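Peer 1: So you can see what is in the structure, the chains are spelled out below.
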Amino acid sequence: MLLSFTIWFQNIPLFIWLRDQVYGYPIALAAHLVFISLFAAMIVMTDLRMLGVAFRGQSLSDIIDQLRVPKRIGFILAATCGVLVFGLKSEEYYYNFSFRIKVALFILVGLHALVFRGPIYNRAAELDNQPLSGKIKVAAVISMLLWTGIIIAGRGIGYIPAPLFSHHFE
Amino acid sequence: MPLESLLDSELAFPVFECFHIAGFALAIGTVALADFRLLGFGLRKQTPSEITNNTWVVTLIGLLTAIFSGMLMYITDPDKYYLNWSFLIKVACLILAIVFHYTVHRKVVHSDTITGGGKVVAVLSMALWASVVFGGIFIAFIMPGL
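Respectively, the protein sequence lines represent chains A and B. Numbers given in our numbering equal positions in the first sequence, counted from 1, plus 370. Numbers given in our numbering equal positions in the second sequence, counted from 1, plus 9.
Calculated from the structure, these hints are not laboratory results. These numbers were taken from a predicted model, which means no experiment stands behind them. Careful: at least some of the hints might be erroneous.
The list that follows gives simulated cross-link-like pairs (lysine to any residue, SDA-like), each with its CA atoms no further than 25 Å apart [said to hold, decoys possible]:
#	chain 1	residue 1	chain 2	residue 2
1	A	507	B	59
2	A	507	A	418
3	B	128	A	428
4	B	128	A	445
5	B	54	A	442
6	B	54	A	488
7	B	54	A	500
8	A	441	B	53
With the sequences and hints as input, model every part of the structure.
Peer 2: Given below as structure tokens:
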């Protein structure tokens, strides 16, 4: 079912058109990386504040609250370009082991949000007057590990050759 | 491990690339935090200099990581790069971006006054860094011989 979805997906007219453009793939990929840069630095600086390493002169809630919406915008932009890259050859990605790991890591990012959003990110202002708890630091470390893993898995996708039978392009 | 056998390993290039991406993402993204602040977005409760006082170490570590891993990528196959016009443009943009960052950009950020000129500097800064990324990606995609 997933496989037939990827074959349908890569034959959406937008992606057929994009495949025909000589520089469609590199432009989508470069934009993906630029937006990843914006997003990743916001993640890391938030995490470093949660660890008490950076922005120590600024309150925890100042950093967490002000970067929440920009992080979401950054993620949406990176993900949109990611979908363009994926749509160029989604059928190949279905078989790609590194892509599967990347998807699994995104599920773990969702779990991270489920666990830590309520007690930390949604009530940063209440945590301002307390010393940084172990829980906050654990959330920061896990966040950095997950996003580092996503970068590595993302780069790994390009190194796994596509199976010869996976070229159902229109 | 001697450098040559390291470079011969099939894993070497992808590993260098991961360091390269993580490094430039941290560098460009942290500079962008100040750029967006100059444009009136993001960490608005902080002054531009408060932001860079807290991010410059990450920027520098990211930049050095990206440059060092980039050099390792280059020496795995210098022939692939030194005549590649996308690579040459990328390196030119990189040098410009670094000089701009540690001169004009630094001065504007530390003045902590938000002016129209500061906004131009912020946009130029982001455009320069983004062009380095685009130039880097295009190394592998331009037609050989052009």
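Peer 1: Against this structure, judge whether each hint is valid.
Peer 2: Taking the hints in turn, this is what the structure says about them:
1. A:507 with B:59: Holds, because 23 Å separates the two Cα atoms, which is no more than 25 Å.
2. A:507 with A:418: Distance ~9 Å between residue 507 of chain A and residue 418 of chain A Cα, so the pair holds.
3. B:128 with A:428: Holds, at roughly 24 Å.
4. B:128 with A:445: Answer holds: residue 128 of chain B to residue 445 of chain A is near 24 Å, not above 25 Å.
5. B:54 with A:442: 19 Å, holds
6. B:54 with A:488: 24 Å, holds
7. B:54 with A:500: Judged against 25 Å, a Cα distance of about 21 Å means the pair holds.
8. A:441 with B:53: 15 Å, holds
Of the hints listed earlier, there is not a single one the structure fails to meet.
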